[in-house]
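With the hints as extra help, turn the sequences into a complete structure.
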Amino acid sequence: MADYLVIVESPAKAKTIERYLGKKYKVRASLGHLRDLPRSQMGVDTENDFEPKYITIRGKGPILQDLKKEAKKAKKIFLAADPDREGEAIAWHLANQLGVDIESDCRVVFNEITKEAIKESFKNPRPIDMDRVDAQQARRILDRLVGYNISPILWKKVKKGLSAGRVQSVALRMIIDRENEINAFVPEEYWSISGQFEKDDTTFEADFFGDSKKKVKLTDKQQVDEILSRLSGDTFDIANVVKKERKRNPALPFTTSSLQQEAARKLNFRAKKTMMLAQQLYEGINLGKEGQVGLITYMRTDSTRIADSAKEEARSFIETMYGQEFVATSKPAAKSSTAKTQDAHEAVRPTSVMRPPAAMKTVLSRDQLRLYKLIWERLVASQMAPAVLDTVAVDLVNGDVRFRANGSQVKFQGFMKVYVEGDDDKEEEKDRILPPLEEGEQVKFSEIDPKQHFTQPPPRFSEARLVKTLEEQGIGRPSTYAPTLDTIQKRGYVVLDAKRFLPTELGGIVHQAVDQYFPNIIDLEFTAQMEKELDNVEHGLIKWKKVIDNFYGDFEKHVQIADAEMEKIEIKDEPAGEDCEKCGSPMVYKLGRYGKFMACSDFPDCRNTKAIIKPIGVTCPTCKEGQVVERKSKTKRIFYGCDRYPECEYVSWDKPITRPCPKCESTLVEKKLKKGVQIQCTECDYKEDTQ
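Residue numbers (this note's numbering): 259 to 949.
These aren't lab readings, by the way, just hints derived from the structure by calculation. Note that beta-carbon positions come from the ideal geometry of N, C-alpha and C, so glycine has one too. Check the hints yourself; a few may be wrong.
[Stated by the list, open to error] List of simulated lysine-lysine pairs, DSS-like, C-alpha gap at most 27 Å:
1. K801 with K882
2. K569 with K631
3. K804 with K882
[What the hints assert, rightly or not] Computed spacing ranges between beta-carbons, pair by pair:
4. K414 with C841: 47 to 57 Å
5. K505 with Q454: 29 to 39 Å
6. S843 with K709: 51 to 61 Å
7. D401 with E730: 13 to 23 Å
8. K872 with T578: 30 to 40 Å
9. E309 with P873: 31 to 41 Å
10. K702 with T578: 34 to 44 Å
11. V500 with G546: 28 to 38 Å
12. V668 with N498: 15 to 25 Å
13. N526 with K872: 46 to 56 Å
Encoded structure:
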């Protein structure tokens, strides 16, 4: 019989830990929370100092009974839930249910599931940290008060099944505000002049910079023509050559937020998928002879700190694999998004650099391997020397017209040999090599190319960009981003179009209602301040009930006003202009959680529905009879097909356009690239860029 009972959240984690502790320890899983606020009612007594009413979660009764039986047999119980507020709260609930003294040394925490970390953590158990528990209780009750007060009003005044919440309502506001910016955007014209120059049979490019005194912004064609008229001949003098050596430092190891962002950019993973895979890597993977091993540290963190032992291991690996010159000479400073991030938290990193991704191919799934590789490379690169780039800026002058050529070349790869951080706005840095150029020399231009441009509106939010913005604004916590983005999509408030968030009509209606009656809930500064107060609860600087009390008085008044004054919003069905092919009744447009769709007006007697198809004004290139229409796949991805389907099976992910290819007369399509749209022929190599 085991002497000690250890309780963790998941069976995978339990299996991994039990191997390390030996026969005296029995490790069991609670499968997350066993107690929570009831789903059927508020569960918070606002008249009695916000006392929460906790109940056993439906379906968790048998698990709790089994744990109680095991607890009676054990000499001592250790609560080893995750090292965050949520884990501390799970441990507290378990202690209450199992009769464990919360002031005893019953709480065990570890940042990674490795033999060394587990053994060390059991040497240093501690009492349950009630400040962290209270911070979790405060967040849970705060979210319950917001959700369970606003949501019923939305059901009554707008539509059943809607919801509002502190973080989700702010995220929706950001998406809608960005859409409003895009709709209000007025493009401004501007021009550029690029030139192809030649030196010793080498061609290089330079762009118009200005006159002899200053940089000049080109705003119209008249200004461009005037500048071109001032050029005399085809020779330019090299007036200035500036050469510099520039260092580029590696990115810090991953936090939860930066991991979600980079996985979205480089792996095309949704935040929810990233966290699911990271959980699997953290809890343990069967490595054969080694057994079940946790491959990464805890994945919910806002710290970039890494343990000294991990640094030394990484640096030793780098020296062996790449040479001493690739090892960082100074240690990069760790940082966190909160001033008092607990030192127990580290960045998300591999538990051992000595398990390179190539060695993990046989034991990890494709997606597990891709995420592990990203985490491994980021950690290794963070301990490598900066990259060194040689840069050169050259001014080319013809009269008082000045062009400038910029070039750069990687002199020493440093960390770039392993990993380069992605960016939403910039392409990865590439070598732009200029020929040897010296002041006083002359070069000739072979071509001058003026181009008209128009300023572009700000881009819609991708998942990565939205997570980054929420973090920068201090909204939510690392653990909240993935479920928040999932919720606003499930509610039908936003959809993903070309991997960018687009608000739906329903999302706009809900936002308008919340904005009018609960302005604080979607105010960025107010929400960020609430996060700071929750952090202060965790650090023991303020009592959690005080935070709730400060919030609730004003909020309750807004609830009463909204319930009394908010007008019922009737979402009317619109005539679709066609009859139902099943019963002959008129079809109407209805608003559902995923946007508008067509349905029979004789519902519920006739339940015929169909998607709205959108003609794009292009004749089908296959059958030459039907019209190409815009459709959506089951995953909500837009594609194009013939309206005569299934008679004609033409289909394309790329949008066809009306004019044919000038080279071969085949179909031209709009191909979406990382940086804009390009017109391409479906048959030959013809391409053209769009402005």
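Verification of the hints:
Annotation: proposed proximity of K801 to K882 is violated, straight-line Cα distance about 72 Å (limit 27 Å). Taking the CA atoms of K569 and K631, the gap is near 18 Å; set against the 27 Å cutoff, the hint holds. At roughly 71 Å between alpha-carbon atoms, K804 and K882 are farther apart than 27 Å, so this suggested pair is violated. Between K414 and C841 the beta carbon distance is about 32 Å. The supplied range of 47 to 57 Å is therefore violated.
At roughly 31 Å, the beta-carbon separation of K505 and Q454 lies within the given 29 to 39 Å, and the hint holds. Our hint of 51 to 61 Å for S843 and K709 holds, since their Cβ atoms are close to 55 Å apart. D401 and E730 have their C-beta atoms about 22 Å apart, which keeps the hinted 13 to 23 Å range intact. Checked against the given bound of 30 to 40 Å, the beta carbons of K872 and T578, roughly 59 Å apart, lie outside it.
Distance hint for E309 and P873: a CB-CB separation of about 60 Å, inconsistent with the stated range 31 to 41 Å. At roughly 51 Å, the beta carbons of K702 and T578 sit outside the given window of 34 to 44 Å. One distance hint, 28 to 38 Å for the beta-carbon pair V500 and G546, is violated here, with the actual separation near 57 Å. Between V668 and N498 the C-beta distance comes to about 24 Å, which sits within the given range of 15 to 25 Å.
A C-beta distance of roughly 26 Å is found between N526 and K872, which places it outside the suggested range of 46 to 56 Å.
When each numbered hint is compared with the structure, violations occur for hints 1, 3, 4, 8, 9, 10, 11 and 13.
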